[in-house]
Structure formats: structure tokens, C-alpha cells
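One line per chain: the protein sequences are U and A, in this order.
1 is the number of the first residue of the first sequence in the numbering used here; add one for each residue after it.
1001 is the number of the first residue of the second sequence in the numbering used here; add one for each residue after it.
None of these hints come from the bench; they were simulated from the model.
Any given hint might turn out to be false.
To be verified - Footprint (simulated), chain A over chain U, 3 or more residues, beta carbon under 8 Å:
1. 7 to 20
2. 34 to 42
3. 86 to 97
As the list claims (entries may be wrong) - Subject to a maximum C-alpha distance of 30 Å in a straight line, what follows is the list of computed BS3-like cross-link-like pairs (lysine-lysine):
4. U:Lys56 - A:Lys1003
5. A:Lys1062 - U:Lys3
6. U:Lys67 - A:Lys1057
7. U:Lys45 - A:Lys1078
8. U:Lys56 - A:Lys1062
9. U:Lys67 - U:Lys56
The beta carbon of each residue, even a glycine, is placed where N, CA and C say it ideally should be.
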Amino acid sequence: QQKVQQSPESLSVPEGGMASFNCTSSDRNFQYFWWYRQHSGEGPKALMSIFSDGDKKEGRFTAHLNKASLHVSLHIRDSQPSDSALYFCAARPNYNVLYFGSGTKLTVEP
Amino acid sequence: GPKVLQIPSHQIIDMGQMVTLNCDPVSNHLYFYWYKQILGQQMEFLVNFYNGKVMEKSKLFKDQFSVERPDGSYFTLKIQPTALEDSAVYFCASSLGGGRAEQFFGPGTRLTVL
Chain U
1 QQKVQQSPES LSVPEGGMAS FNCTSSDRNF QYFWWYRQHS GEGPKALMSI
51 FSDGDKKEGR FTAHLNKASL HVSLHIRDSQ PSDSALYFCA ARPNYNVLYF
101 GSGTKLTVEP
Chain A
1001 GPKVLQIPSH QIIDMGQMVT LNCDPVSNHL YFYWYKQILG QQMEFLVNFY
1051 NGKVMEKSKL FKDQFSVERP DGSYFTLKIQ PTALEDSAVY FCASSLGGGR
1101 AEQFFGPGTR LTVL
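One chain only, chain U, in its complex shape (with noise of 0.2 Å):
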């Protein structure tokens, strides 16, 4: 079984629309939470860490974590077409290994 499920698979907005992703885990021993994003042909790069419950907000994007719900959610506003790209999350107990979910790929047309 997969530590941490992410949907939707696939997601398409428009310009300036809100896009949404959400990731749920099965190990309670996850502490920390990161989103990553990943253009093509690079390596994912770090948008986002939370470690608290509730929200972080940085610029358009918007973190939302529930520790006892074991979910973690990402909101970008206005998104632009730069944002097209595969979002993954990632989540790490208490070791040093990050475990990443299955990503979201980000369409946002012109």
C-alpha cells in the first residue's frame, strides 16, 4: 500500500482559475509535509513545507494541513500558464526518507 495517495490524477484550469490538489497518508508517524513541483526534464523543486496544522499561505499558493485527518491540500490562485507542471506531495516521519505521492499533472490554459 502506497504511504500517501494524491489526487486527482490530472487537473485543467483555466487562466487566473483556482487549481487544487489533496493528499491523504496512511502512517500517522508523518511529521513533516512538502509540496514539490516538477517542470519537464527537471527535477522536482520545493514550493511549500507545513508542519503545523491549519494553513501556511505564500504568495499564490496556499498550504492547508489536518494532522489528526492525515490530509494535506495545495491551492495556487490565478494560476498561469507557467504553472503547468506536475505537483507531487511529500511527507516525512521521523527518519530521514520523504515519501512522495503519485503527483498531479497541472494543465492551465491561456
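Fit chain A to the supplied structure of chain U, relying on the hints for placement.
Just chain A now, kept in the frame of chain U:
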């Protein structure tokens, strides 16, 4: 920002041969990682390395795999001998610390085993 480099970007070899994947981590980072991503699947942790030693490894890190970073040079992943199921993209990452420290990823090496 900080960059992790990987050499080569693509490697094609015959099954049973040895291959070495090279990673040039961020210069002041202390923790190093390898991840494996088979096409269309999740990226999966292979191994992490700190202070000259493997700290954790997954079940994907078979006996044919080894890692080292001799004298602060490249952090390498060696597979000897290779098998067909080793075909994947291998990502190297590094971080300054453990815990909350961000892992910085390289662009990956696409390994094709024929």
C-alpha cells in the same frame, strides 16, 4: 538557487553490465539521497547517506546497489550487475540537515537497461 547536478542525463547499457550514476550535490550540504522513479509511477526512496555512511535504505536498494562519496567528490550510485527492472529515472538529492531541511533534487539520470 542551490543546484544539484547529475551526470550523465541518459545512460543506455546492456543487462549485466555495471553502471555508475554521478551526482554533484549542493556544496555545503551534508545529507545525500537517491530516489528511483519508474515511468508513470511514484518516486521512491532508495537510500540516504551522511558522514560517509548509509543511514537508511529501502527494500528497493538491492545488494547490487552501492553508494559512496569519496573525499567530497561526486556522490555515486553504482549498480553491479544491472537488471532489466533497474530501468528508471534516478534522482539525486541533497540537504543541509535532516528533519525539516529541504531536499534539493537534481534533474535525474534516465537509465535504460537492455
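The hints, checked one at a time:
1. With 0 residues carrying a beta carbon less than 8 Å from a beta carbon of chain A, the segment 7 to 20 of chain U misses the three-residue requirement, and the given coverage is violated.
2. Coverage of the segment 34 to 42 of chain U by chain A holds. Counting CB-CB distances below 8 Å, 4 residues qualify, and the rule asks for three or more.
3. Residues of the segment 86 to 97 of chain U with a Cβ under 8 Å from some Cβ of chain A number 4, which satisfies the need for three, so the listed coverage holds.
4. Taking the CA atoms of Lys56 of chain U and Lys1003 of chain A, the gap is near 26 Å; set against the 30 Å cutoff, the hint holds.
5. Under the criterion of a C-alpha separation no larger than 30 Å, the hint pairing Lys1062 of chain A with Lys3 of chain U is consistent with the structure, at around 21 Å.
6. For the hint pairing Lys67 of chain U with Lys1057 of chain A, the CA-to-CA distance comes to about 26 Å; that is within 30 Å, so the pair holds.
7. For the proposed pair Lys45 of chain U and Lys1078 of chain A, the alpha carbon gap of about 25 Å is at most 30 Å, so the pair holds.
8. Proposed proximity of Lys56 of chain U and Lys1062 of chain A is contradicted: the alpha carbons are some 39 Å apart, above 30 Å.
9. For a cut-off of 30 Å, the pair hint linking Lys67 of chain U to Lys56 of chain U stands: about 14 Å separates their Cα positions.
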